[in-house]
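Participant: The chain contents come next:
Protein chains: 2
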Amino acid sequence: MLDSFPESQTFVTHLECGMEHDHYAADQLHGLSKAGKPLLVKYDLNALAQAVSKEELATRPATLWRYREFLPVRKSENIVSLGEIHTPLIPVPRLQGGNGSVWIKDEGRLPTGSFKARGLCMAVSMAKELGVTKVAMPTNGNAGAALAAYGTRAGMKSFIFCPDDTPEINVREIAAQGAHVWRVNGLINDCGKIVAQGKEPVGWFDFSTLKEPYRIEGKKTMGLELADQMGWQVPDVIFYPTGGGTGLIGMWKAFNELKEIGWLKGKLPRMVAVQATGCAPMVKAYEEGKEHAELWEDAHTVAAGIRVPVAVGDFLILRAVRESEGFATAVNDEQITAALDEASQKEGFLMCPEGAATYAAYKQELESGRVSPDESAVLFNCATGLKYELPPADQAIDINQPVDYSLFV
Amino acid sequence: MLDSFPESQTFVTHLECGMEHDHYAADQLHGLSKAGKPLLVKYDLNALAQAVSKEELATRPATLWRYREFLPVRKSENIVSLGEIHTPLIPVPRLQGGNGSVWIKDEGRLPTGSFKARGLCMAVSMAKELGVTKVAMPTNGNAGAALAAYGTRAGMKSFIFCPDDTPEINVREIAAQGAHVWRVNGLINDCGKIVAQGKEPVGWFDFSTLKEPYRIEGKKTMGLELADQMGWQVPDVIFYPTGGGTGLIGMWKAFNELKEIGWLKGKLPRMVAVQATGCAPMVKAYEEGKEHAELWEDAHTVAAGIRVPVAVGDFLILRAVRESEGFATAVNDEQITAALDEASQKEGFLMCPEGAATYAAYKQELESGRVSPDESAVLFNCATGLKYELPPADQAIDINQPVDYSLFV
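Protein sequences appear in the order of chains Y and B.
Taking UniProt numbering, I'd label the letters of the first sequence as residues 1 to 409.
Taking UniProt numbering, I'd label the letters of the second sequence as residues 1 to 409.
Hints were generated in silico from the structure; no laboratory data involved.
One or more hints might be untrue.
Any copy will do: because identical chains look the same in the list, a pair fits if it lies in one copy or spans two.
Calculated lysine-lysine pairs in the DSS-like style (CA-CA distance at most 27 angstroms, straight line) [as the list claims (entries may be wrong)]:
1. LYS284 - LYS134
2. LYS265 - LYS54
3. LYS346 - LYS134
4. LYS75 - LYS346
5. LYS75 - LYS54
6. LYS346 - LYS157
7. LYS37 - LYS211
8. LYS34 - LYS211
9. LYS157 - LYS211
10. LYS193 - LYS75
11. LYS54 - LYS211
12. LYS346 - LYS199
13. LYS199 - LYS34
Please build the complete structure, drawing on both the sequences and the hints.
Facilitator: This is the structure we're talking about:
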């Protein structure tokens, strides 16, 4: 951690449209593909597998930069870091439904308190490498906070637009970390429009989810890190809170890259996309056997991070879910709130609502039989529970009265 | 991370009064010494040095349990863990005052978002080992949150008492994580009285700061981990936000244990106790050459975590500061607020007010000449900045009007 990051071989060969598979040059700025779809980064995995070993990785600091050869940044001087440590994989035996072990992967430990740090540290590092100095983004909160921190750290100007019902803590955090932030009296797509229309007059680079190719590569490290922590093995099932789905897409990409170089063998994890019943476009498309999801009208849920009515990477999410023999499922707000409460009261672990949705889904699918009690499962807690409003606690003692110690049982 | 913790040799020989040096048996429940002073845990360091090497430690997961031989827990089954990962040591070149490197050690990444997790995971593990099932604590917030989480995780009942001006987020977090919490219309010492007087009728164990011996051992891992991260070297100066001072005492104990077994050579870091001008009992005692500090009347500061008017370990703090050729210093609320703002605007790093006090002190002491611009320094950010109120950010855009893109420069 002391030194600047050492130089490393890199293996990016080109970028490829996730839909049409046409190629795009590496080391140039790109948004979406010609077909308007996300671009995926491609590597020379044969050369990569020759260049680095699991044993070599184990000697490096436990951060996401351990996986440097699997990542797109060419020059170490462009790495923009705020300490992306491995997040802990915490066994939660009291939440287990059977013999299969259950863990929470606590992504709230990353910079700015959420998994958004993984995507944004990579996207900002690549933007720096490619000469970007101004970036803009529409956000419901956590992604904007991560962009603010990494943008400032990189010496860039960042312009961030939030729907006006974004929680106060997120807006303040964005401003505190050196970004320029505006509340917009509209929805996330209105914010997206401002960003898109500003590209020419302002000259900023559009950092909207999946509209640049590198956030997926950052999120990919969730899969690399998980396999590494488990001794280059994987759990049977992964429950992932799914809004834009960058993380699910990224993890599935990681597992497949690891399989291709022979570091993972056998069955890959079943990927379960968890949504809220008030906003479940992926669940609907999954159940209807469709490749793309329709816009979800009147989206609402307590888990604001998965309130994403339309995702540009919908087909990539659905593809990962199907290829992995997983599924998409939805839980309602009551289940989410009860799951959050149960995890904290039983294990002392305070999840965020989106994380709690994964525990609610695990319970629901044990019940439904789609998950067996013998399957091991990892639940992704995507942000610290401290960013969310907790229920009041109003017991009081008056020191002017004798204390009734029989209360404390 | 996957397995339960492996068994390990342990080396505790006895406990010793920090003041009178009389001995107390290991593996029994203890509060303060007969002299009413904190007990320090003593190890057979010769045997420890034979049993474990730096190379062996490097193969273990990057958590505080890596240092198992330096810690008091005898049986692995008693370890109560929520994922105590190594906290990152983040270089902050834009905050540097000269050629000496400056790092922030970001303790906000620990469970419950503060360094209190280190002390409480150790104290709760030892309480479990010694058969305790009910614990109680007075707290201004973060320590109570950590006890709530670890107590629940251990299957204990915890009873927590806060002054009624404790921030709402802390009280709610304590309750959410399964503890019983009460607001008390008094100060922290009134809360402490309730805990002390409840010992007999309720039978709970008193977890007040330094009133049990193991929180220091948990905080000691800050020193072990820092030296490990720096390749078994140390910085020239450490700035530490000092309330009860458990961490400063613990780190100094760690450095001395490492020196005794030969893992650290040469000069140990100068320990700087940072307080607020509105509550600076250690600074006063340091400047007056005293061994103990007087109670500070009318304590006040924005950095509530260091608003501790009287510390039972005062003499241990002052001893560490003097032995290390460090000093105690105070900064005012304006300096703290300005330092917090500067760090986040320059480096994208949101400190907590207590952490920001260390940066304010670093700047002040560069100016005063007590720290040289060539000295390397570590600033301890003791909690996530997200637990504290941030300044409002009120820019808005009306989508019913044309957007003025000339705003975004």
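Participant: Would you mind marking each hint as holding or not holding in the structure?
Facilitator: Here's how the hints hold up against the structure:
1. LYS284 - LYS134: Cα proximity of LYS284 and LYS134: none, with 38 angstroms in one copy and 48 angstroms across.
2. LYS265 - LYS54: within (14 angstroms within a copy, 33 angstroms between copies)
3. LYS346 - LYS134: between (46 angstroms within a copy, 16 angstroms between copies)
4. LYS75 - LYS346: Classified as between: cross-chain Cα gap 23 angstroms, same-chain 46 angstroms, threshold 27 angstroms.
5. LYS75 - LYS54: within (22 angstroms within a copy, 31 angstroms between copies)
6. LYS346 - LYS157: Only across copies: LYS346 and LYS157 sit 12 angstroms apart there, 44 angstroms inside one copy, limit 27 angstroms.
7. LYS37 - LYS211: Within one copy, since 8 angstroms is at most 27 angstroms while 61 angstroms is not.
8. LYS34 - LYS211: Answer is within: at 12 angstroms inside a copy they meet the 27 angstroms cutoff, but 67 angstroms across does not.
9. LYS157 - LYS211: Close inside one copy (19 angstroms), not across copies (49 angstroms); limit 27 angstroms.
10. LYS193 - LYS75: neither (33 angstroms within a copy, 59 angstroms between copies)
11. LYS54 - LYS211: neither (32 angstroms within a copy, 46 angstroms between copies)
12. LYS346 - LYS199: Only across copies: LYS346 and LYS199 sit 25 angstroms apart there, 49 angstroms inside one copy, limit 27 angstroms.
13. LYS199 - LYS34: within (17 angstroms within a copy, 71 angstroms between copies)
Going through the hint list in order, the structure does not satisfy hints 1, 10, 11.
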